[in-house]
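> Kindly produce the complete structure, drawing on both the sequences and the hints.
Read off the chains here:
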Amino acid sequence: EAAVTQSPRNKVAVTGGKVTLSCNQTNNHNNMYWYRQDTGHGLRLIHYSYGAGSTEKGDIPDGYKASRPSQENFSLILELATPSQTSVYFCASGDGLGANYAEQFFGPGTRLTVL
Amino acid sequence: AQKVTQTQTSISVVEKTTVTMDCVYETRDSSYFLFWYKQTASGEIVFLIRQDSYKKENATVGHYSLNFQKPKSSIGLIITATQIEDSAVYFCAMREGGTGGYKVVFGSGTRLLVSP
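If you're matching them up, the sequences are chains S and W in order. For the first sequence, the tail end lands on 115 under my numbering, and the numbers increase by one without skipping. For the second sequence, the tail end lands on 1116 under my numbering, and the numbers increase by one without skipping.
Heads up, some of the hints might be wrong.
Looking from chain W toward chain S, a few residues come up when the C-beta cut is under 10 Å (computed) [stated by the list, open to error]:
id: 1; residue: Thr1009
id: 2; residue: Ile1045
id: 3; residue: Cys1092
id: 4; residue: Ala1093
In short, the hints are calculated from the structure, not lab data. Even for Gly, the Cβ is constructed at its ideal location relative to N, Cα and C.
Structural data, given as structure tokens:
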């Protein structure tokens, strides 16, 4: 079964500081995603990747950068954290192309508080 | 741009009854994939069921089934014989089928409460 892990699980950051959220998957999936979850908004896509070295903007990329240095790892970077980025962040992975696209497997989430 | 809308914020039912959750989507693609996910109280998000746009038959997995109405851009989730443990938040999601992107977008979710 696919395993997606995230670190840290909880993070308190200061406004203006740099925050890096890490995600690791062990199922050799090509596609990885970062979402944030806020009450009333569901899961909103920040960045995604379809393979090592690639990153694509999602629906709400402003204030975030992403890095995919390897098949297994996908990071979300907040260069200058702001209180509005306080949220729960989920990483997900999935595989397949076109009609063979499979479902996503989600990590446990990271709760980020920016003070 | 693709968009997924769930208008039901929350639903309450008595266990062993049937519940339907609504989801409508917007896409310009002729080929796309629709998913339903469940988020439990612990925060865990798990895949439930999937419908491919080119398939006419409604998907069924266990006590989950879909009501796919393509002309209405609608994909409802039906849970029959609900159980207490079905209490959760349910998300609808869509991926367009083009070769260029692997973007998956979600609706805002519907909270289901199943009571004895």
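> Given Ala1093(W) as an interface hint, is its Cβ closer than 10 Å to any Cβ of chain S?
holds (8 Å)
> Using Cβ atoms only, decide whether Ile1045(W) comes closer than 10 Å to chain S, and label the hint accordingly.
Since chain S brings a Cβ to about 4 Å from Ile1045(W), closer than 10 Å, the hint holds.
> With 10 Å as the cut and Cβ atoms as the points, is Thr1009(W) at the interface with chain S?
holds (8 Å)
> Does Cys1092(W) pass the interface hint, meaning its C-beta sits closer than 10 Å to a C-beta of chain S?
holds (9 Å)
Violated hints are absent here; each numbered hint is respected by the structure.
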